[in-house]
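Enquirer: Position chain P relative to chain G; hints supplied.
First to last, the protein sequences are chains G and P.
Numbering-wise (our numbering), the first sequence opens with residue 1 and increments by one.
Numbering-wise (our numbering), the second sequence opens with residue 1 and increments by one.
Keep in mind the hints are simulated off the structure, nothing from the lab.
We treat Cβ as the ideally placed atom computed from N, Cα and C, and that holds for glycine.
Hints are not guaranteed to be accurate.
[Unchecked claim] To give a feel for the contact side, a few chain P residues facing chain G, derived at Cβ under 8 angstroms:
#: 1; residue: Arg5
#: 2; residue: Ser11
#: 3; residue: Pro20
#: 4; residue: Gly99
#: 5; residue: Arg102
#: 6; residue: Gln103
#: 7; residue: Val206
[Unchecked claim] Simulated pairs of lysine to any residue, SDA-like, Cα-Cα distance not exceeding 25 angstroms:
#: 8; chain 1: G; residue 1: Lys467; chain 2: P; residue 2: Arg208
#: 9; chain 1: G; residue 1: Lys467; chain 2: P; residue 2: Arg10
#: 10; chain 1: G; residue 1: Lys425; chain 2: P; residue 2: Val9
#: 11; chain 1: G; residue 1: Lys243; chain 2: P; residue 2: Arg19
#: 12; chain 1: P; residue 1: Lys36; chain 2: G; residue 2: Asp122
#: 13; chain 1: P; residue 1: Lys36; chain 2: G; residue 2: Gln125
#: 14; chain 1: P; residue 1: Lys36; chain 2: G; residue 2: Glu115
#: 15; chain 1: P; residue 1: Lys36; chain 2: G; residue 2: Arg116
#: 16; chain 1: G; residue 1: Lys467; chain 2: P; residue 2: Arg232
#: 17; chain 1: P; residue 1: Lys36; chain 2: G; residue 2: Pro98
#: 18; chain 1: G; residue 1: Lys176; chain 2: G; residue 2: Pro316
#: 19; chain 1: G; residue 1: Lys243; chain 2: P; residue 2: Ala21
#: 20; chain 1: G; residue 1: Lys243; chain 2: P; residue 2: Pro20
#: 21; chain 1: P; residue 1: Lys36; chain 2: G; residue 2: Glu50
#: 22; chain 1: G; residue 1: Lys467; chain 2: P; residue 2: Ala235
#: 23; chain 1: G; residue 1: Lys467; chain 2: P; residue 2: Val9
#: 24; chain 1: G; residue 1: Lys425; chain 2: P; residue 2: Arg7
#: 25; chain 1: G; residue 1: Lys467; chain 2: P; residue 2: Glu4
#: 26; chain 1: G; residue 1: Lys437; chain 2: P; residue 2: Arg10
#: 27; chain 1: G; residue 1: Lys243; chain 2: P; residue 2: Glu18
#: 28; chain 1: G; residue 1: Lys467; chain 2: P; residue 2: Gln201
#: 29; chain 1: G; residue 1: Lys467; chain 2: P; residue 2: Ser11
#: 30; chain 1: G; residue 1: Lys437; chain 2: P; residue 2: Ser11
#: 31; chain 1: G; residue 1: Lys425; chain 2: P; residue 2: Arg5
#: 32; chain 1: G; residue 1: Lys243; chain 2: P; residue 2: Val9
#: 33; chain 1: P; residue 1: Lys36; chain 2: G; residue 2: Gly52
#: 34; chain 1: G; residue 1: Lys243; chain 2: P; residue 2: Glu13
#: 35; chain 1: G; residue 1: Lys243; chain 2: P; residue 2: Arg16
#: 36; chain 1: G; residue 1: Lys467; chain 2: P; residue 2: Gly200
#: 37; chain 1: G; residue 1: Lys437; chain 2: P; residue 2: Val9
#: 38; chain 1: G; residue 1: Lys467; chain 2: P; residue 2: Ala121
#: 39; chain 1: G; residue 1: Lys243; chain 2: P; residue 2: Ser11
#: 40; chain 1: P; residue 1: Lys267; chain 2: G; residue 2: His51
The primary structure of each chain is shown beneath.
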Amino acid sequence: MPSSTDLGRPDPDPTVALTRDGRPVSDRGDTVCVIGAGASGLTAVKNLREHGFGVDCYERETGIGGAWNWRHDRSPVYASTHLISSRPFTQFPDFPMPDDWPDYPHHTQLLSYFERYADHFDLRQHVWFGTEVVRVKPAEGDRWDVTTRSTGGYGPERTSRYAGVVLANGHNWSPKLPRYEGLEQFRGEVMHASSYKDPAQLRGKRVLVVGGGNTGCDIAVEAAQQASRCWHSTRRGYWYAPKYVFGRPADQVNDTLLALRVPLRVRQWLYHRTLRLTVGDLTRFGLPRPDHRVYETHPIANSQLVYHVGHGAITPVPDVTRFHDRTVALSDEREIDPELVIFATGYLPRFEFLDGAVLGDADGSGRPRLWLNAFAAGHPTLAVVGLVQPDSGVFPIAHWQSVLFARLLAARTARPDRAAAFGRKAAAGLGERYSGKVKDSSRHWFEVGHADYLRALQRALDELEGK
Amino acid sequence: MSAERVRIVRSWEWARPERPARREVLAVVPELEEGKRPLLFVPGFGHGAWAFAEHWLSHAASRGFPAYALSLRGHGGSEPAPAATLRSYTHDVVQAAAGLPRQAVLVGHGAGARVVAHALARYPARAAVLVAPVLGSWGTFGTALRRNPVGTLPAVFGGRLRLNRRQLFSRELPDGEARRYVARLGRAGRRAQWQLLTGGQPEPAVGRPSVLVLGSPDDRVVPSAALTRAARRYASAPLLFPGMGHDLMLDARWREPIDAILDWLEKDPAPAAG
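Okay, chain G solo, but in the shape it has when bound (with noise of 0.2 angstroms):
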């Protein structure tokens, strides 16, 4: 799709400027940077190409998908990942996946899926893979300089001067490990749950699993079939949602209840009522009782888990305290004796490429503040692509994002008036929740609930169209 404004590859002598600390740096015009050729990243490739921008994209890994990739080294994908959210949640707005799939694809098919969006809007050609992104610094009139080089660290070093920055670079990649007294001394096997690949890896073992997420269950699923003994340890009691309920996809139920507009109150009721007549009483299996209500934490989508603690293949336990040499101390006084943990306690967010000032993060806790997850004050030409946690699908609210991001910019130039107000709404709304109260923890940093984020963003996208 050529167009006047694709500048193609850049040029090794371009019109050279030199950055704030004086090094060259090749000008690239009207041209945008994306990192990360995951969901994320294509989406933005993609919307911003078809808004007419210029695009340079840079992976570190030699293919797309990002975590999706099963291939790629940081990708948190086990053999058996399959999605939690059905299709119409997790597909691209404007390119559906193939309607002879699944409810819930796998994540091969998934791969598949990114790989054919790539090749049917060509953004390949967009992508420099193999490059990572070694620093990332504002320069004068809201342009950013990017430095880049050989993913590994080798070759020069090359900077390069952008309009604008899309960090696409995922949120689960840098795994989160909490600490706990005596780990060092403990013998048995840990692992983080981004090295758990296979069912073998479990196969006739004594396995605890921490963590009472989506890959926490998942894991625990399949420790109760293939490990000798699974012990499953979780901070609190969740609710459990199976896939399906009424013989549909739980979550179009659960849509069908929003777009009648049902609030929150009847939806929880509702919610809770179903799973009582469905699922059953969980502390009759020795769960314990959740300690809030349903949309208050992550939604945990898992049939199977129930099953399995009915069967006796899984024994719930509380939090560990601590680790001894053979043994695990837990909460409740116990002493478990696993040999191998695995902690699928999840992921943080790392921008180590940025200073965390540009994205609100003056403390250094890691946690970016900023407007529709996604905008920081002061840099009216950032933005951040899916860094969110939805109790849906992501792609669908990368692409959206994207697009907004695209309208932002050629508003810059078509109504500068415009852009500025936009500004002005993301500096006065950071750190805005879209969902309703949430446990306070790292884990839902980015939780949002799908509708009223994506009605969030329509605001968003209505006001800066003047619409």
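Expert: Relative to chain G, chain P alone:
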């Protein structure tokens, strides 16, 4: 078009996804890949992919365009679907388009153009061509009622819409051929037929495709005023092929409109403003 707002939240569509139906897609691809955009032809109500397979598919392929034709559900070789709605047809088009190797040009004929107009809001087509578009208005309905009351009236009550030879073809087309084509016509779902009149207007297109409208001033289904209106919707004027019937892809001079379409595409129309 650009004044309408983009819709992000579609709770009903997410909650009630369209039921899939087996689709017939006929394809003629050029022997040598020339990097040209694939075309997806969408026939109107009653027609199947066969209508394009007669002439246009192979002609487009001979000029280097990979050409595909879809039968909407309930038509041609696709799965029967008496309860189909415009939304089901739109689903079929978007699915077929997204299944092509590259970003496609959507070409809709007759009521298929209305389906394409809906599909444009859900798939960023490279460009779109509306051939003798029946975008659905009471005016078009009135014309059809006046010209062919016997064939049109039953459709009002959920019966089959019967188009006759005089509406579809010019006199140049040999009688035998015309008879053969008319015999192959099927019918659209009755709800879809009603929705042509009562259904919601298409949402704004995504991806800013440029849109070409063409038709015949002597079309006995689509009055030329409707053609002009359709073209104005997309900020252009219609290309006219006088002396042809409604079925431009089957009529005796089928070569002229398809050549015009391909010429327009070869100029690589720039994305529409907005």
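Enquirer: Between the alpha carbons of Lys243 (chain G) and Arg16 (chain P), is the straight-line distance 25 angstroms or under?
Expert: Holds, because 16 angstroms separates the two Cα atoms, which is no more than 25 angstroms.
Enquirer: Does the nearest C-beta of chain G fall within a distance shorter than 8 angstroms of the C-beta of Val206 (chain P)?
Expert: holds, 5 angstroms
Enquirer: With the threshold set at 25 angstroms, check whether the alpha-carbon distance from Lys36 (chain P) to Asp122 (chain G) stays at or below it.
Expert: Satisfied, since the Cα-Cα distance of roughly 13 angstroms is no more than 25 angstroms.
Enquirer: Does Lys425 (chain G) pair with Val9 (chain P) here, judged by a C-alpha cut-off of 25 angstroms?
Expert: OK: Lys425 (chain G) and Val9 (chain P) at ~21 angstroms, within 25 angstroms.
Enquirer: When you check the alpha-carbon spacing of Lys243 (chain G) and Glu18 (chain P), does it fall within 25 angstroms?
Expert: holds, 19 angstroms
Enquirer: Holds or violated: Lys243 (chain G) and Ser11 (chain P), Cα atoms, limit 25 angstroms.
Expert: holds, 18 angstroms
Enquirer: Within 25 angstroms, alpha carbon to alpha carbon, are Lys437 (chain G) and Ser11 (chain P)?
Expert: holds, 22 angstroms
Enquirer: Below or equal to 25 angstroms on CA atoms is what counts here, so check Lys467 (chain G) against Glu4 (chain P).
Expert: At roughly 8 angstroms apart (the allowed maximum being 25 angstroms), Glu4 (chain P) and Lys467 (chain G) satisfy the hint.
Enquirer: For the pair we were handed, Lys243 (chain G) and Val9 (chain P), check the Cα-Cα distance against 25 angstroms.
Expert: This hinted pair holds, its Cα atoms lying about 22 angstroms apart.
Enquirer: Assess, step by step, whether the Cα of Lys467 (chain G) is no farther than 25 angstroms from the Cα of Arg10 (chain P), and give holds or violated.
Expert: holds, 18 angstroms
Enquirer: Within 25 angstroms, alpha carbon to alpha carbon, are Lys467 (chain G) and Gly200 (chain P)?
Expert: Roughly 20 angstroms between the alpha carbons, so the hint for Lys467 (chain G) and Gly200 (chain P) holds.
Enquirer: Would the hint linking Lys176 (chain G) and Pro316 (chain G) be met if the CA-CA limit is 25 angstroms?
Expert: OK: Lys176 (chain G) and Pro316 (chain G) at ~22 angstroms, within 25 angstroms.
Comparing the model with each numbered hint stated earlier shows that all of them hold.
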